[in-house]
Amino acid sequence: MSTATIALLGQPNSGKSTLFNALTGLKQHVGNWPGKTVEKKEGSFAYNGMTYEVADLPGSYSMTANSDEEVITRDFIASGEADIVCILADSSQLERSLFMLADYAGISAPCFLVLNMEDVAKDQGKTINVKALEKKLGIPVMLFSATDKKAYDRFYATLERALREKSHIDVSALEKEYEKISGYSEIKDQLSETDISGYTPMWLTVKYLENDKVVSAKLKEELSGDKAASISALGEKAGGAIATGECKFNWIDKLLDGTVNKSETGVKLGKLDRIYTHRFWGKPAVVLTVILGLFASFIPALPIMGLGSLVDILKNVVQGALSTAGCPALIMGLVCDVFIQSMGYIIKMLGFVFGVTLVFGFLEEVGVMARISYVFDNTMGKLGLQGKSVMPFLVSFGCTMGGAAGTRVIDNWGQKVLTIALAWAVPCGAAWAIVPMLSTVFFGMGAPVVIAVLLLVMILHMWVTAKIFGRGLVKKEDRCGMIMELPPYHKPRWGALLRYVFGRTKDTFVRVAKVVLLVCLIFWVLSYGSGVNDTSILYRLGIAIEPVTKFFGLPWQLFIAFVASSVGKEGAVGVISALYAGGSYGEGFMAAMGGAARAANLNELLLANVTKPEALAFIFAITFNLPCVVALAATYQEIHSAKWTARIAAYYTVGALLLSCVAYHIGLLIW
Amino acid sequence: MKLQELKENTQAVVRDLKGDARFIGRVTSIGLTPGCRVRIIKNDKNRPLLLYSRDTMISLGRSECDGIEVEEVSA
Numbered sequence: 001m002s003t004a005t006i007a008l009l010g011q012p013n014s015g016k017s018t019l020f021n022a023l024t025g026l027k028q029h030v031g032n033w034p035g036k037t038v039e040k041k042e043g044s045f046a047y048n049g050m051t052y053e054v055a056d057l058p059g060s061y062s063m064t065a066n067s068d069e070e071v072i073t074r075d076f077i078a079s080g081e082a083d084i085v086c087i088l089a090d091s092s093q094l095e096r097s098l099f100m101l102a103d104y105a106g107i108s109a110p111c112f113l114v115l116n117m118e119d120v121a122k123d124q125g126k127t128i129n130v131k132a133l134e135k136k137l138g139i140p141v142m143l144f145s146a147t148d149k150k151a152y153d154r155f156y157a158t159l160e161r162a163l164r165e166k167s168h169i170d171v172s173a174l175e176k177e178y179e180k181i182s183g184y185s186e187i188k189d190q191l192s193e194t195d196i197s198g199y200t201p202m203w204l205t206v207k208y209l210e211n212d213k214v215v216s217a218k219l220k221e222e223l224s225g226d227k228a229a230s231i232s233a234l235g236e237k238a239g240g241a242i243a244t245g246e247c248k249f250n251w252i253d254k255l256l257d258g259t260v261n262k263s264e265t266g267v268k269l270g271k272l273d274r275i276y277t278h279r280f281w282g283k284p285a286v287v288l289t290v291i292l293g294l295f296a297s298f299i300p301a302l303p304i305m306g307l308g309s310l311v312d313i314l315k316n317v318v319q320g321a322l323s324t325a326g327c328p329a330l331i332m333g334l335v336c337d338v339f340i341q342s343m344g345y346i347i348k349m350l351g352f353v354f355g356v357t358l359v360f361g362f363l364e365e366v367g368v369m370a371r372i373s374y375v376f377d378n379t380m381g382k383l384g385l386q387g388k389s390v391m392p393f394l395v396s397f398g399c400t401m402g403g404a405a406g407t408r409v410i411d412n413w414g415q416k417v418l419t420i421a422l423a424w425a426v427p428c429g430a431a432w433a434i435v436p437m438l439s440t441v442f443f444g445m446g447a448p449v450v451i452a453v454l455l456l457v458m459i460l461h462m463w464v465t466a467k468i469f470g471r472g473l474v475k476k477e478d479r480c481g482m483i484m485e486l487p488p489y490h491k492p493r494w495g496a497l498l499r500y501v502f503g504r505t506k507d508t509f510v511r512v513a514k515v516v517l518l519v520c521l522i523f524w525v526l527s528y529g530s531g532v533n534d535t536s537i538l539y540r541l542g543i544a545i546e547p548v549t550k551f552f553g554l555p556w557q558l559f560i561a562f563v564a565s566s567v568g569k570e571g572a573v574g575v576i577s578a579l580y581a582g583g584s585y586g587e588g589f590m591a592a593m594g595g596a597a598r599a600a601n602l603n604e605l606l607l608a609n610v611t612k613p614e615a616l617a618f619i620f621a622i623t624f625n626l627p628c629v630v631a632l633a634a635t636y637q638e639i640h641s642a643k644w645t646a647r648i649a650a651y652y653t654v655g656a657l658l659l660s661c662v663a664y665h666i667g668l669l670i671w
Numbered sequence: 672m673k674l675q676e677l678k679e680n681t682q683a684v685v686r687d688l689k690g691d692a693r694f695i696g697r698v699t700s701i702g703l704t705p706g707c708r709v710r711i712i713k714n715d716k717n718r719p720l721l722l723y724s725r726d727t728m729i730s731l732g733r734s735e736c737d738g739i740e741v742e743e744v745s746a
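Heads up: the sequence lines are chains U and V, in that order.
Start counting the first sequence at 1; every next residue gets the next number (the numbering used here).
Start counting the second sequence at 672; every next residue gets the next number (the numbering used here).
Only chain V is shown next, with the shape it has when bound in the complex:
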């Protein structure tokens, strides 16, 4: 599933990234790589997604989330 389909307070593991080299570069440099665990902190319509991963609170634009495939896991 896509990252933005996750509900607040759920956890997931990143499975795949899709996008151009620039996008992949930026997303990996902020720590989102396949296999990494993320926790959704906030997911409001028309706002960037807030998630927590690798020690860091990350804010991701909604269109950026399109390129991130995840799989929900139980906490």
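Next up, chain U with everything else stripped away, as it sits in the complex:
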């Protein structure tokens, strides 16, 4: 069976990812481009006896080397690895979205054009004469709508034709436009003998005029000194990207003239958009949308969470079976406490990730996410983030892992990492399950005050964290503000969306399982003792460094509970309860991951053993500790950088201890 490689190229919102998911289904692989933090998505499918490898090139706005994404996209295409490049444009916003095609014209790799969102264009009363367009462009052109099943057959047929013809865009009309720029022809003449494979002299000249850093540097290398000086003198007078941009759109205008009929309708904001863009109601509407989305994500999540609980039951069954079979305690511990227990925990968490990815993928797909970006752009911009970042923050009140999974809608890597780093400061559902309880036990009527202070500290924490990490992650020159289109609302492509979500959840599962199993194994070894506490490493360590942790307001029992809370916050209370009740906390530790093991007389135990300042210190320590090991793994899954994941984790551990120290010493002044 022979193979062919297709590269998908298109601006954000051109429907590129939808097509990629629809074509490749579950046969896709997400990794990193070598040496870069940009996500690399590849997949494959078979059709008519051929295997097709599909590369989903990173979303970029043009072929100019302004960002990592754009450099990767360009290099991949120029490398000749792709047999054919599939360029996507949005039929409903044809004039603007053909810019990518105009910018591509002159690159040597053969291509064809897919005009996506045919259905939306039809609703707008637009008719597109594909045959006439094909004639003008010299490449295969097709209308496409991902919701239309028949469209895929047409897609395959066009693909096969494109591979047979291997045609290039007819650039003669476009070049006529460029020739109107003073200096264009002279520069092009100077480039005639340079040999940069993959690009035509016309394309190189245009990029040179646009001040493209990579092209300019390459040309400087290739050309002799006086030639380089002469083109640089010519280039200065040419008018740069503004002039070439005008040429491209003039060409597009002429291309569409006579091929597209549009009944001119006045633009008006729809009802929903009038609410979202409302000066006053916009923000509440967005927050409400995200909160409803959060609730909605529990619907698909619950069955999977139920499955996780079944695994817990399985644990008891296996434990019973093993002990009747006379299995050694060590093996039993490994199988039941580490493996099965962790799996149950992971599956429960994954349910939420599945729900969040589905619901927020849906919001992105239909176009709501762009509105969220618009409404919160100003507020989030102060933190160096995009408006979309508000969504992961709100989701993190439920589950940080869901928040991390939600950041996939952020297209800039630095902003994505910063968003996750800030989202960790948001107390998650597990923190909300224990912090109010602990506050009430110790501070009674003062509990709401403690929680209000926690929320204030959260905002302060996010602000400080943005200051600390922001500079390195989101460089000043990258803090490009909002220049974005608000796409028309689309119908969702359920099939493609579900395939994507399943694929994503599977990927997350594999990666998360590895990390969680490893961490749980380490903790299990550390806390393993033969039923008596004082033989375990964790206990001895806890006792040894107690003089230090005491300064942070944490006696050894609370410190170990703090350490346990990095695995799962639900666990912290279980661990305290095991420690103060004098039981084996190795056991308590593992059971705590399931959220159980809370002693009946916990309140008395706590009040008898822990002072108020210590309690306050502990509340701060666990609230602002790293959310849990699953969130850690999910963060790694999203940002593809072990270095940054470790850095954020270390920052949160240290930060939590510092906050607990401050809380403790303030507490000592009060009580």
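If you're looking for bench data, these hints aren't it; they were derived computationally from the structure.
Here the structure is a predicted model, which means the values were calculated and not measured.
Relax, there's no trap hidden among the hints.
Computed cross-link-like contacts, EDC-like style, restricted to lysine to aspartate or glutamate with a CA-CA straight-line distance of at most 20 Å:
#1 U/Lys382 / V/Asp715
#2 U/Lys268 / V/Asp715
#3 U/Lys237 / V/Asp691
#4 U/Lys382 / V/Asp737
Model the placement of chain V on the given structure of chain U, informed by the hints.
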């Protein structure tokens, strides 16, 4: 005049773009080039500007608007 000085529901033609190569690249790639017509859909304080141009609803940050010189035209 600057883009953000335009009132809602007015139309204008882009006259000039000012900024670094990256900014110019992004703005032209979304379709705003000299000579193109824009219609202001929404212009609220502390919110990005909403405008319609080349088939597309575009949202532009307020500081981005600083680099876009326009001339108002009658509808």
